Amino acid sequence: MTDPILKIDGVSKRFTRKPGPIVSGIDKLTGRNSTQTVHAVNDVTLSVARGEVLGIVGESGCGKSSMGRVVSGIYAPTEGTVTLEGKPVARDHRGNVEKLTTRVQMIHQDPFASLNPRMKVGEIIAEGPRIHGLIPAREVQERVRSLLEQVGLEGAYANRLPHQFSGGQRQRVAIARALAMQPDLLVLDEAVASLDVSIQAQVLNLFMKLRRELDLTALFISHDLSVVRHVCDRVAIMYLGRVVETAPADELYAKPLHPYTEALFGSVPTLGTGRARFHPIKGEIPSPINPPKGCAFHPRCPLAGPRCKAEVPRLVTPSDNRSVACHLQDGGTGTQTGATA
Amino acid sequence: MSAALEVKGLTTQFSTRKGAVTAVNDVSFSVQPGRILGLVGESGSGKSVTGFSIMGLIDEPGRIIGGQVMVQGADMRKMSTEEQRKMRGRAVSMVFQDPMMTLNPVLRVGDQMAMAVRVHDKVNKAAAWERAREALEIVGIPAPRERLQAYPHQLSGGMRQRVAIATALLHRPAVIIADEPTTALDVSIQGQILAEVRRLADDIGTAIVWVTHDLAVVSSLADDIAVMYAGRIVESGTAEQVIANPRHPYTRGLIDSVPGLHEPGQDLPQIPGSTPQLVNLPSGCPFRSRCPRATDICASFPHNTGTEAHSVLCHHPLEAT
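So the sequence lines, in the order shown, correspond to chains X and H. Heads up: the first sequence begins at 1 in this note's numbering, then just goes up one per residue. Heads up: the second sequence begins at 1 in this note's numbering, then just goes up one per residue.
Honestly, the hints are just simulated from the structure, not real lab data. Predicted, not measured: the structure shown is a model, and the values here were computed from it. One or more hints might be untrue.
[Stated by the list, open to error] Examples of chain H residues toward chain X, derived with CB under 10 Å:
| hint | residue |
| --- | --- |
| 1 | G158 |
| 2 | L185 |
| 3 | D186 |
| 4 | I189 |
| 5 | D214 |
| 6 | S219 |
| 7 | L221 |
| 8 | I243 |
| 9 | L254 |
| 10 | I255 |
| 11 | V258 |
| 12 | P259 |
| 13 | L261 |
| 14 | E263 |
| 15 | G265 |
| 16 | P272 |
Beta carbons: idealized from backbone N, C-alpha and C, even for Gly.
Start from the sequences, fold in the hints, and give me the full structure.
Here it is in structure tokens:
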């Protein structure tokens with residue numbers, strides 16, 4: 001890949017909950033350890049080229065949002081590094097702080113929660129560039145106006161408050177606020193998930209237009225496979241904190257390699273195929289507090305063999321631009337018990 | 001075969017400071033036993049209020065001001081509160097969007113399900129628990145006997161929604177109204193629930209009204225589809241007809257907005273503007289300000305210009321093929 005602007009290298013993010021005083025007292029007496037650890041993100045390595053939109057797809061608890069927050073510098077990774085053009089984002093685990101977080105901007109899921117209800121839209125958009133001194137004070141108004149127009153709103157809306165806007169319009173404001181910082185990377189965390197389909201189409205079109213105009217680089221986090229297919233160049237599928245497959249979007253949708261990806265496609269209802277017979281994935285998503293040993297997907301996988309229960313599969317690269325973490329793709333020795341691929 | 005549920009001219013209003021809002025406006029449809037009707041619309045279209053109105057669960061400042069709700073031939077609207085209560089849960093029951101809100105967090109699953117059994121049937125506790133266990137089994141919950149002992153917080157979202165569906169099923173109602181029941185769930189879990197629901201309709205013959213915003217879900221689950229806009233059903237027909245040959249410009253726009261059907265990276269056809277406020281709805285067709293086919297005649301309210309089987313409220317419907 002040419003010129004990766006964002007490099008995520010071996011990143012893990014764990015959240016630990018220490019027991020309260022009583023339980024920890026009992027722990028001391030009995031020698032137990034009641035500390036719970038959630039492995040939100042587990043040894044993820046990804047890179048994004050300049051001008052590329054990478055989709056991160058997965059179900060709840062797969063770590064996709066935690067991943068977005070690590071990239072944005074909101075969370076410090078427990079292990080590994082995130083670098084933007086070679087410089088670490090926020091702080092790494094050694095505590096080195098770099099003020100690069102302004103170069104990554106995030107767009108959140110809920111535009112009702114992400115805009116301050118007491119600030120005028122113009123102030124919301126101008127706040128970042130003003131604080132960081134990106135534009136001279138006398139140019140602020142003009143800049144806000146042009147940003148609003150760029151996202152398909154009227155410049156005069158700068159004096160309105162968020163409650164005067166519909167959900168779709170608010171999300172446009174959130175996009176304008178992110179663009180005001182002239183970021184190198186946008187992180188969109190379920191940015192269209194809360195919108196109605198007709199409004200979602202408008203916001204997706206806006207995103208694609210801005211992308212063409214501004215050559216945006218973005219991490220597009222979503223659970224919606226058809227949205228991701230529409231806007232992303234490359235897709236990473238996550239399951240229980242790990243990336244299980246990455247591929248260019250068209251190749252992934254044409255031929256998924258990981259059984260989880262395939263099963264995920266099988267469970268999604270699609271328009272225009274008529275009455276479907278569902279082939280849902282069996283079982284529940286395991287808890288990230290106590291993920292299954294070996295391949296995290298093995299309890300639900302129709303092809304799992306003994307090796308899958310014991311050994312975490314490596315990410316292998318069956319072709320130049322794809323990678324997959326499955327024993328079946330790595331020597332094909334996952335299924336000595338007779339299950340056939 | 002007589003319809004399990006027949007709704008005629010149902011109209012529900014809410015009084016607000018800005019005047020009366022007609023959230024459900026002259027809505028009519030029927031569902032035969034064993035069939036699934038997908039009631040589709042965007043936020044504010046009145047689809048959920050339609051579901052609540054059928055159940056008689058409209059509170060002040062809302063009021064059902066007209067229409068009939070016939071469940072197995074009996075008009076719910078003509079019944080006393082006490083008679084309605086006897087129908088709810090037994091002849092017609094409802095599944096809500098958020099299973100965390102619908103289950104009582106301090107009662108075991110078995111206790112609250114048994115309670116639902118004994119509201120309508122005079123059976124002892126043990127028999128009620130047995131009925132609850134059977135219902136959990138029907139919706140595909142593994143180890144149902146153990147699950148009955150669990151509290152709701154010990155179950156995952158998908159499991160809780162299965163419990164809610166099982167509870168709705170306890171009295172084998174003729175009709176189940178399901179309001180966005182899989183919206184809060186992950187796709188793999190949604191797939192499991194959709195498969196179970198389809199089986200319920202096919203095997204037990206329950207008539208189901210599936211209220212949702214998700215066209216892809218209804219197109220693969222429902223037998224019939226009714227599309228709502230601004231409180232009205234603007235188009236209805238079989239799922240194949242409505243999805244393959246939508247005749248209302250709004251339905252067409254809605255289907256075209258779904259990303260999956262287009263070449264990746266291309267602009268999606270979009271419906272301009274946003275859903276209208278129900279206060280001060282303009283006269284005539286409520287969609288006309290956003291409609292590419294609108295003309296002067298759209299200032300008068302359109303009547304059904306389609307067929308009885310595939311109705312469409314539009315002066316300029318798209319060609320039937």
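Original post:
Does the nearest C-beta of chain X fall within a distance shorter than 10 Å of the C-beta of D214 (chain H)?
Top reply: holds, 8 Å
**OP:** Using 10 Å as the Cβ threshold, decide whether G265 (chain H) counts as touching chain X.
**Re:** holds, 7 Å
Subject >> Hinted contact G158 (chain H) with chain X - closest CB pair below 10 Å >> reply: holds, 7 Å
Subject >> Interface hint compliance - I189 (chain H) to chain X, C-beta minimum distance less than 10 Å >> reply: Because about 8 Å separates I189 (chain H) from the closest Cβ in chain X, which is inside the 10 Å limit, the hint holds.
Original post:
Is the interface hint for D186 (chain H) satisfied, with its Cβ closer than 10 Å to some Cβ of chain X?
Top reply: Status holds, d = 4 Å.
Original post:
When the nearest CB of chain X is found for L254 (chain H), is that gap smaller than 10 Å?
Top reply: holds, 6 Å
Original post:
Was the hint right that P259 (chain H) lines chain X, CB cutoff 10 Å?
Top reply: holds, 4 Å
**OP:** Using 10 Å as the Cβ threshold, decide whether S219 (chain H) counts as touching chain X.
**Re:** Status holds, d = 5 Å.
Subject >> Supplied contact hint for P272 (chain H), tested at 10 Å Cβ to chain X >> reply: It holds, given that the least Cβ distance between P272 (chain H) and chain X is near 8 Å, below 10 Å.
Original post:
With a cut-off of 10 Å, does the beta carbon of L221 (chain H) approach a beta carbon of chain X closely enough for the hint to hold?
Top reply: holds, 7 Å
**OP:** Verify the interface restraint on V258 (chain H): the C-beta must sit less than 10 Å from at least one C-beta of chain X.
**Re:** Holds - the Cβ of V258 (chain H) comes within 10 Å of chain X, reaching about 5 Å at its closest.
Subject >> Evaluation of the interface hint that places L261 (chain H) against chain X, nearest CB under 10 Å >> reply: This hint holds: L261 (chain H) lies near chain X, its Cβ roughly 6 Å from the closest one there, short of 10 Å.
Figure legend: structure checked against the earlier numbered hints; every hint is met.
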